[in-house]
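Chemist: Residue strings, one per chain:
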Amino acid sequence: MEKKYGAYICAGCGIGEALDMEGLVKAAGESGIPGAKTHAAFCSAAGRELIQNDINNDGVNTVVLCACSPRVFQDEFNFGADKITIRGNIREQAVWCMEKPSDKKSADTIKEYTQELASDYVRMACTQAKKTELPEPYKLETLTRKILVMGGGIAGLTAAKEAADAGYDVTLVEREEQLGGKALGWRQQFPTKAPWTELEEPTVAAMVAAVTGNSRITVKTATEVARIAGAPGALKVSFKSGKTKSEWDAPAKVTADEQDLINKGGMADPNAGLQPYMAADPAAEDFGGVVLATGWTPANVSEYAHLGHGTLKNVVTNAEFERLAKAGKVPANVAFVQSPGGSENDMDFPYCNSVTSMVALKQAKYVRADNPDGRAYILYQHMRTPGNMEMFYKGAQNDDGIFLTKANVTKVEEGNGGLVVHAQNTLLNEDLAIEVDMVVLAAGMVPTTKEEASINLAYRQGPAFLDLELFDGYADSHFICFPYETRRTGVYTCGGVRKAMNMEETIDDATGAALKAIQAIESADRGVAVHPRSGDGSYPEFFFQRCTQCKRCTEECPFGALDDDEKGTPKPNPTRCRRCGTCMGACPERIIGFKNYNIDMIGSMVKSVVVPDDDEAKLRFVVFVCENDAYPAIDMAGMRRNTMNSLVRFIPVRCLGSVNMVWIKDALSSGMDGVLLLGCKFGDDYQCHFVKGSEIANKRMDNIGETLKSLGLEPERVGARDVAISDYDKVGDIVSAFVDEIVALGPNPFKGF
Amino acid sequence: MAEGMRVKPDLEFIRFMKKAGGDSLKKCYQCATCSVVCPLSADKKPFPRKEMIWAQWGLKDRLVADPDVMLCHQCGDCTTYCPRGAKPGDVLGAIRAYAYTHFGFPQGLARLASDGKNLPLLVAMPALIIAFMWYLSGGMHLPEAGTAVDFGRFFGHWDWPWLTKNVFFIDIIFVPAFFFSLFAAFKGGSSMWKAMAAGLGANSGFRPSASQFATEFLLPAVVEIVQHKRFKDCGTNYDRIKGHLPLLLSFIGLFAVTGYSFMRKDVISLFVSKELAHVLHGPIPLSDPFKLLANISAIALIVGIGILWANRMRMQDEQKVSATFYDWFLIVEIMAVGVTGLMAEVSRLIDVAPLAYLFYYMHLVSVFMLFIYMPYTKFAHLVYRTVAMAFERYRESSFVKQA
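Those protein sequences? They're chains A and B, same order as listed. Numbered per this note's numbering, the first sequence spans residues 82 to 834. Numbered per this note's numbering, the second sequence spans residues 3 to 405.
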């Protein structure tokens, strides 16, 4: 596209009063876009018409608009998909965060500093406009819309039916001989309608019938997925018979060190007899997206020796009790132990959730139904019965023979011809010894992903989801903000594999997962990102001639988008990609970039900042800001007219993971005094939208600190700080504290060279 | 390992409770709002929260020996503020009903009087006894024409001047009934005292003597009852005092009148001249201060029970209490005593013999019922609550505290 530029500098919202508009127009001209126009309010109909006229009459196709934050008026300043609009933020991040005049700083000085700040933002915007290109979406050669649902339980049945009802062909794979999963073993189900107190007859048979009778759904029972290769829209799935091995089983990830050991005979090859992960299975079927509904397995609770599971007769788990209840009459006196008690008395059993509370209530009702004088004791630390299930709880509590108390169960032992449950800290305000015929332990629901890869991807980063150990075996992407996502694009988990949940929740969950799979396929079809940069048509492009096969990009990509060949050259899969740019940040050769976001563009923007080399008061800082949380926080600070240090220049980045260290070198070599990264919290309760970006960036910053030291620069000149989106009242202080630290160090010694 | 309380919930007890007005007991989820609003609740004694869970768990032995249950005046604050509609006030009422049956002597009669199903029998028995005695006495006919209605000749007449036939029959019916009821009340009250004392755990060698018991525990309790101090702590149901106090005072008044009448007709008349005995045996003149007291008391009784009746109806309408046989039996019974007594007197004064005799008969039946069922019905609170209030003083006294 031949670019024709038009620069527009808005005087509205106090900009015109605070700044010298002529100076800004001049700054744009110096950056290569002369004749910038000004207007009292470009967001007004007249203002927009002015721009539109230039587009229509003069052929302007690249609009540089220096006004409010790019986060606002996005629709007003959208001039069409074939036009580029670059926004310079001189309102929230310049005029609205000006200092108040004081003894230390006069109004004139403040105005001077703010003018320089806004001029730099104008220069950066012009530079960005020069360096950016219109993205061209990546299109798969052939796209398959078929959806693969793994697991034929309640979740899988629902997902298959919902996807089919939405008009997509589905293949439902079940390892066992028949569909239905865990629900086949249930005697009764939780209530699903008012008054929410009566148990209901199982509905799984009807769900199975609806699926097997649906012409859009292909059911494969006694079948497993050996491996899934490819990328969303073009997945290659190899099937095998259930509970067998196949040469197409997804190979385990082998690190370079492990490969050395294997080669030297120090370790058995875990992938012996398996096809390499990049090998193409000619028998593989094509799919567009995957719903993973492989469910859960009952937790083993025999580790709690004082409760006697495995040693005492008639101490059973809730899953075992359900089997007994399904088979016939249950005993008359039963204690339901919801928490292990002992020394960790407030903890529930691992992998418990509200569903295990409700199961205890349901099974207590079996005791009452089967025995006119039945007594069911529920000993809990927590009862969780969300939503309408509170009515279920009340109904069970109202039963003459169901007895509930918070209790710390200390021991279960044999006695009086049955079992005796000892409990302390009860609501009855004394220790209890309850004689029962049977004790039922509320064993949790362990996701299948804890024990096996489940998803069986033939990806470079291995067959399973990543960092499972951080989340007790649950697949995670960003639980708070994007609960359905996994760290594998196009793969959506639902049901017991995602969370211990009941049937009603599972049905909702599976419906959502089916819709997410559809969304992934349709986004792949349009060549745009799914999440969180939904609709982004850019994608990373590689200049392979200069690739040194260092493998940083393939290792660091949080979403496993990059496979590689034997030599280690990356093989991009754009439909797996979330467009965070972590690969771009990782690449030491700087050969990865997006059309509208690349090394040269940001580097040039950094260099476009004017660094005075003769004024010790006018230090310059560049701050790379995560556009997901930190950038909105800074905008909000401006909207609240909080003061922001006028020595810093903010540059939004897609994710701190995309920050290439060369930009920091660019900044320091152009005489800037410090570089700061503002991004999301990382670690256990990370907030990074791309999971690993801020964590990787922090590691890189530690490393670059070392490099600076070797050059004789203080490592303190570069830093990284956490900013949450709610930190708008703190972000000004965080920035000032960093600036003050550098001011104390003095200017960059290389300034002026 | 430390042995906890062996628990085996009594399902029968829970079923009884649900029938006797405590149908909401299982709703309690132990939030303790009731204990915060209850004027009886103490720091370490979350009343009635702990009673609610004991009831839910069917721990009847704890509940019947719990003085607090008897000390509760059912002001209804707990029920009003309960966020879950568990109606602790009603549950406590049901526990008391159960306790009266539990401690009742003899058990057969106690059980009989605890269940609304037996109502026909409960009315029929006294009605037949009085009718049989009436028949036996030979007085079962209307007075001859020209003679004024004279309840002094209800059970007939003989010529022995010092004790009339009527007084004799009244005495052989009501004196045994009175002493039977007194004995049954004593048996029940002392069983409860023992159960409560066992619950204290501390058993010192010191026991209060009978006179210490009377002066240090019982008498102050009675004084407090008459003063209606506890009713004044009631929040939501404060109006009840307007009914209960006149009712209580009317009972005291009528008790005094009955005592006076007994002395006059059955005792003093034995030792005076024939002529004077004849006067003493006649109707007490309306000008007699005791007759005045009797009439005032009768009206106070009807007004008092009327207020309580209306009060309970209102509370029922507002769904603050449930309608139970236990509550309504006593209210209707007292109302019956008052109304039949007053109607008998009025029809005597206006000299309508058939009505007068019918009401008088009904009056005798209702009073008899009041006596013999007193230890088992809600009326038993007169015994058990008094005992509990005495016990409350006892457990704070040096007899217990020093042990």
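Misleading hints may appear alongside valid ones.
[As the list claims (entries may be wrong)] Dumping the calculated SDA-like pairs for lysine to any residue here, alpha-carbon to alpha-carbon at most 20 Å:
1. A:Lys492 x B:Cys33
2. A:Lys487 x B:Gly6
3. A:Lys487 x B:Tyr137
4. B:Lys10 x A:Leu508
5. B:Lys10 x A:Ala450
6. A:Lys475 x B:Lys46
7. A:Lys324 x A:Pro412
8. B:Lys29 x A:Pro276
9. B:Lys20 x A:Gln478
10. B:Lys46 x A:Gln505
11. B:Lys20 x A:Pro412
12. B:Lys10 x A:Pro276
13. B:Lys20 x A:Thr378
14. B:Lys10 x A:Thr378
Honestly, the hints are just simulated from the structure, not real lab data.
Chemist: Against each hint, give a clear statement of whether it holds in the structure.
Modeler: Against the structure, the hints come out as follows:
1. A:Lys492 x B:Cys33: 27 Å, violated
2. A:Lys487 x B:Gly6: 15 Å, holds
3. A:Lys487 x B:Tyr137: 65 Å, violated
4. B:Lys10 x A:Leu508: 16 Å, holds
5. B:Lys10 x A:Ala450: Distance ~19 Å between B:Lys10 and A:Ala450 Cα, so the pair holds.
6. A:Lys475 x B:Lys46: 28 Å, violated
7. A:Lys324 x A:Pro412: Between A:Lys324 and A:Pro412 the Cα gap is close to 36 Å, so the pair fails against 20 Å, i.e. violated.
8. B:Lys29 x A:Pro276: Holds - the C-alpha atoms of A:Pro276 and B:Lys29 are around 16 Å apart, at most 20 Å.
9. B:Lys20 x A:Gln478: 14 Å, holds
10. B:Lys46 x A:Gln505: 18 Å, holds
11. B:Lys20 x A:Pro412: Violated, because 25 Å separates the two Cα atoms, which is more than 20 Å.
12. B:Lys10 x A:Pro276: 30 Å, violated
13. B:Lys20 x A:Thr378: 42 Å, violated
14. B:Lys10 x A:Thr378: Not satisfied, since the Cα-Cα distance of roughly 35 Å exceeds 20 Å.
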